[in-house]
Amino acid sequence: MKRSWTHPDFRRAQAIRRKRAERRYKIRTSGFGGGSGTSGPTIVAPPVLSVFDEPKDTLTFCNAFRARLSGRHPRVFLDLRRVVRVSSDALLLMRAIMKNALTVNVGGNMPEKLDVAAKLKASGFFTGFAKPPGQLPDPVGMMRDSFERLVINTKAEAMVDFARDHASLNSAEASVSYQTLMEVMSNTHHHANRSAEAGKLDPDVAPSQPARWFAMVYCEDGVAYFTIADLGVGILNSYPARRFLSKLGIGVGAYGSARLLTDAFTGEVGSSTELPGRGRGLPKMLNDAKTTLPTMRVLTSSTTGEIASLAFRRVPEGFHGTIFRWSAGGRRSES
Amino acid sequence: MTVQSIRVSDFTRLPGPRYIREGPFSGEQYRTQRLAPAFEAAFRAGQTLEVDLDGMKYGYPASFLEESFGGLCRLWTDPKEAPKLLTPDQVWNQLSIKSNDDPTLVTTVNRYIQEANERKTTGR
Chain A
1 MKRSWTHPDF RRAQAIRRKR AERRYKIRTS GFGGGSGTSG PTIVAPPVLS
51 VFDEPKDTLT FCNAFRARLS GRHPRVFLDL RRVVRVSSDA LLLMRAIMKN
101 ALTVNVGGNM PEKLDVAAKL KASGFFTGFA KPPGQLPDPV GMMRDSFERL
151 VINTKAEAMV DFARDHASLN SAEASVSYQT LMEVMSNTHH HANRSAEAGK
201 LDPDVAPSQP ARWFAMVYCE DGVAYFTIAD LGVGILNSYP ARRFLSKLGI
251 GVGAYGSARL LTDAFTGEVG SSTELPGRGR GLPKMLNDAK TTLPTMRVLT
301 SSTTGEIASL AFRRVPEGFH GTIFRWSAGG RRSES
Chain B
1 MTVQSIRVSD FTRLPGPRYI REGPFSGEQY RTQRLAPAFE AAFRAGQTLE
51 VDLDGMKYGY PASFLEESFG GLCRLWTDPK EAPKLLTPDQ VWNQLSIKSN
101 DDPTLVTTVN RYIQEANERK TTGR
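Chains A and B supply the protein sequences, listed in that same order. Using the working numbering, read the first sequence as starting at 1 and increasing by one per residue. Using the working numbering, read the second sequence as starting at 1 and increasing by one per residue.
These are computed hints drawn from the structure, not numbers from a lab. Each hint should be verified, as a subset may be incorrect.
Quick list of the computed label-pair ranges, beta carbon to beta carbon [said to hold, decoys possible]:
| id | chain 1 | residue 1 | chain 2 | residue 2 | range |
| --- | --- | --- | --- | --- | --- |
| 1 | B | Pro83 | A | Lys290 | 36 to 42 Å |
| 2 | A | Arg314 | B | Gln114 | 24 to 30 Å |
| 3 | A | Arg314 | B | Arg13 | 57 to 63 Å |
| 4 | A | Ser171 | B | Ala38 | 53 to 59 Å |
| 5 | A | Arg313 | B | Arg111 | 29 to 35 Å |
| 6 | B | Glu118 | A | Ser171 | 29 to 35 Å |
| 7 | A | Val48 | B | Pro24 | 51 to 57 Å |
| 8 | B | Arg7 | A | Val84 | 48 to 54 Å |
| 9 | B | Ala41 | A | Ser171 | 31 to 37 Å |
| 10 | A | Glu306 | B | Ala45 | 23 to 29 Å |
| 11 | A | Gly71 | B | Arg13 | 42 to 48 Å |
| 12 | A | Ile250 | B | Arg21 | 44 to 50 Å |
| 13 | B | Pro83 | A | Met98 | 40 to 46 Å |
Cross-link-like lysine-lysine pairs, in silico, BS3-like; alpha carbons within 30 Å at most [stated by the list, open to error]:
| id | chain 1 | residue 1 | chain 2 | residue 2 |
| --- | --- | --- | --- | --- |
| 14 | B | Lys57 | B | Lys80 |
| 15 | B | Lys57 | A | Lys290 |
| 16 | B | Lys98 | A | Lys155 |
Each residue gets a CB set at the ideal place from its N, CA and C atoms; glycine is no exception.
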């Protein structure tokens with residue numbers, strides 16, 4: 001039977017997901033009264049918003065936000081007052097959730113910590129619906145973001161050029177960053193869309209509506225932090241992974257998500273499509289992580305870890321999508 | 001043997017994705033518009049085709065390079081498509097890859113050509 005976004009089964013599943021996320025996060029159902037004029041449930045952000053440093057709290061918050069925006073009347077108020085640290089990967093994820101929503105009615109307040117508020121403001125996340133708390137300092141770092149459905153070389157170039165202008169990348173880091181951005185955009189185009197999730201899509205057939213990728217580069221203290229994400233099905237639910245598992249006659253639970261992700265980066269999963277020449281992107285990223293970008297990490301289908309060491313683990317909170325992140329120009333942590 | 005020569009930098013300095021449908025300056029576009037016609041012309045003239053990979057701003061995404069050279073090999077080793085059926089070794093010997101910026105690309109291109117038709121039948 002043909003399924004679509006408007007199918008009753010899909011709507012029912014979407015409503016169940018939303019209720020689960022709300023229960024987990026104890027969304028208040030009254031308006032927050034922050035003066036934004038947006039009534040609706042309030043989602044309170046945790047003190048640290050960082051996809052890779054605090055995945056559980058950050059993903060719980062982002063999932064609740066995403067679930068609320070996927071509803072029919074997506075009104076939500078984000079209470080960010082307690083936030084004392086927000087990393088650029090979390091900023092990108094929040095912006096991606098907003099961009100991906102069909103309709104958006106979001107209110108919110110700024111973090112009380114002024115440098116964090118300045119960073120949020122600089123990201124453009126709150127443009128148009130929140131007042132900064134008093135005079136904000138200049139943001140510590142500089143950022144540039146981008147999103148698209150196609151694989152656009154000039155967009156990847158602009159991100160890397162920006163990083164070179166505002167951080168100390170060497171030429172190898174710049175080249176590998178460009179190549180990684182291009183490969184992830186391409187993987188998103190091929191594998192991240194919903195019809196791939198349904199298992200109907202041959203990987204050599206163009207998706208009618210490819211998933212959108214979102215990328216950000218944040219430069220601070222000579223270091224560039226790259227993040228590229230999509231809100232699609234994730235590597236472990238992609239067509240090649242499903243085909244790989246079906247050949248083995250085993251489910252992802254029994255096989256192990258960390259093991260399956262390892263197989264994706266070593267080339268076993270990509271080659272299972274039996275399409276000659278395909279499946280080289282992730283193995284090249286593994287090689288590049290070992291030689292040039294050792295900080296490269298991934299979060300996909302609720303599994304995360306450092307790519308160079310293939311040390312993956314499950315995170316307690318579910319996540320639909322894929323996020324890659326790496327730094328270039330040094331190994332300091334983002335503020 | 002005399003040599004014909006083409007430069008990828010005449011096509012782009014920012015190589016794109018694998019397929020034309022994915023975005024601009026793809027490997028498929030480069031192969032169909034530049035590499036394959038030059039290869040065929042060189043082959044018919046009994047000459048080697050030198051491909052100069054230098055001059056890229058940020059190097060090559062793997063899928064661009066594989067689709068260009070692996071795709072070229074798949075074309076010339078396919079009995080239905082090839083103007084004259086060649087083996088991967090013959091395709092490689094017909095080419096001369098120049099890459100001073102990143103010498104490892106010569107090995108990479110050779111591997112893509114040799115493995116162009118490989119397909120694994122099981123996951124492991």
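Here is what the structure says about each hint:
1. B:Pro83 <-> A:Lys290: 36 to 42 Å: Hint holds: Cβ distance 41 Å, inside 36 to 42 Å.
2. A:Arg314 <-> B:Gln114: 24 to 30 Å: violated, 38 Å
3. A:Arg314 <-> B:Arg13: 57 to 63 Å: violated, 42 Å
4. A:Ser171 <-> B:Ala38: 53 to 59 Å: The hinted range 53 to 59 Å is violated for Ser171 of chain A and Ala38 of chain B, with Cβ atoms some 29 Å apart.
5. A:Arg313 <-> B:Arg111: 29 to 35 Å: At 32 Å between Cβs, range holds.
6. B:Glu118 <-> A:Ser171: 29 to 35 Å: holds, 32 Å
7. A:Val48 <-> B:Pro24: 51 to 57 Å: violated, 40 Å
8. B:Arg7 <-> A:Val84: 48 to 54 Å: holds, 53 Å
9. B:Ala41 <-> A:Ser171: 31 to 37 Å: Given about 35 Å between the Cβ atoms, the range holds.
10. A:Glu306 <-> B:Ala45: 23 to 29 Å: Cβ of Glu306 of chain A to Cβ of Ala45 of chain B: about 51 Å, so the range 23 to 29 Å is violated.
11. A:Gly71 <-> B:Arg13: 42 to 48 Å: Cβ of Gly71 of chain A to Cβ of Arg13 of chain B: about 46 Å, so the range 42 to 48 Å holds.
12. A:Ile250 <-> B:Arg21: 44 to 50 Å: Hint violated: Cβ distance 33 Å, outside 44 to 50 Å.
13. B:Pro83 <-> A:Met98: 40 to 46 Å: violated, 52 Å
14. B:Lys57 <-> B:Lys80: violated, 37 Å
15. B:Lys57 <-> A:Lys290: holds, 22 Å
16. B:Lys98 <-> A:Lys155: holds, 28 Å
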